[in-house]
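Just remember that the numbering used here sits 1 ahead of the position in the sequence shown, which is counted from 1.
Please keep in mind that the hints were generated in silico from the structure rather than gathered at the bench.
Hints are supplied without guarantee of correctness; some may be wrong.
[Unchecked claim] Using C-beta positions, here's what the derived DEER-type ranges look like:
{"id": "1", "residue 1": "92", "residue 2": "67", "range": "32 to 38 Å"}
{"id": "2", "residue 1": "37", "residue 2": "73", "range": "29 to 35 Å"}
{"id": "3", "residue 1": "37", "residue 2": "99", "range": "17 to 23 Å"}
{"id": "4", "residue 1": "37", "residue 2": "57", "range": "25 to 31 Å"}
{"id": "5", "residue 1": "25", "residue 2": "70", "range": "23 to 29 Å"}
{"id": "6", "residue 1": "28", "residue 2": "82", "range": "18 to 24 Å"}
Even glycine gets a Cβ: it sits at the ideal position worked out from N, Cα and C.
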Amino acid sequence: MVETASVLSAYLAFALLHGARPERLPFGLAARLRAMRAWRASARALSLVIFSLSVWMWSRAEAGAAALLVPFAALLCAASAFVLLAPVWPRAVWGLALLCPPAIAALFLLGARHG
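Construct the complete structure from the given sequences, taking the supplied hints into account.
Structure, rendered in structure tokens:
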């Protein structure tokens, strides 16, 4: 469970990094976020925090180099899927990104309880 939460964290981290440029966001959010100057910096900072959370969660399941390599591989796979699918199905990739925070919390709590 914690491993899946870690992979979803990597996906969410890339979604935030990708969305740091407001013109990449769907649903008409670009116009509202362009007015906010702090959006780019805060999206990038939150992306770094969430990816660090991904590494930390994976280190609970694996030790050593695997705890670092697996989240980076998950980030690369999430980035590839996101960039390839965003032009085709933007609502699907951004919808999954919106569902990630509650899913991460639920999976982490389930994994912490059973692990």
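Here is what the structure says about each hint:
1. 92 / 67: 32 to 38 Å: For residue 92 and residue 67 the Cβ distance comes to about 34 Å; the hint holds.
2. 37 / 73: 29 to 35 Å: 30 Å, holds
3. 37 / 99: 17 to 23 Å: 18 Å, holds
4. 37 / 57: 25 to 31 Å: Given about 29 Å between the Cβ atoms, the range holds.
5. 25 / 70: 23 to 29 Å: 28 Å, holds
6. 28 / 82: 18 to 24 Å: 20 Å, holds
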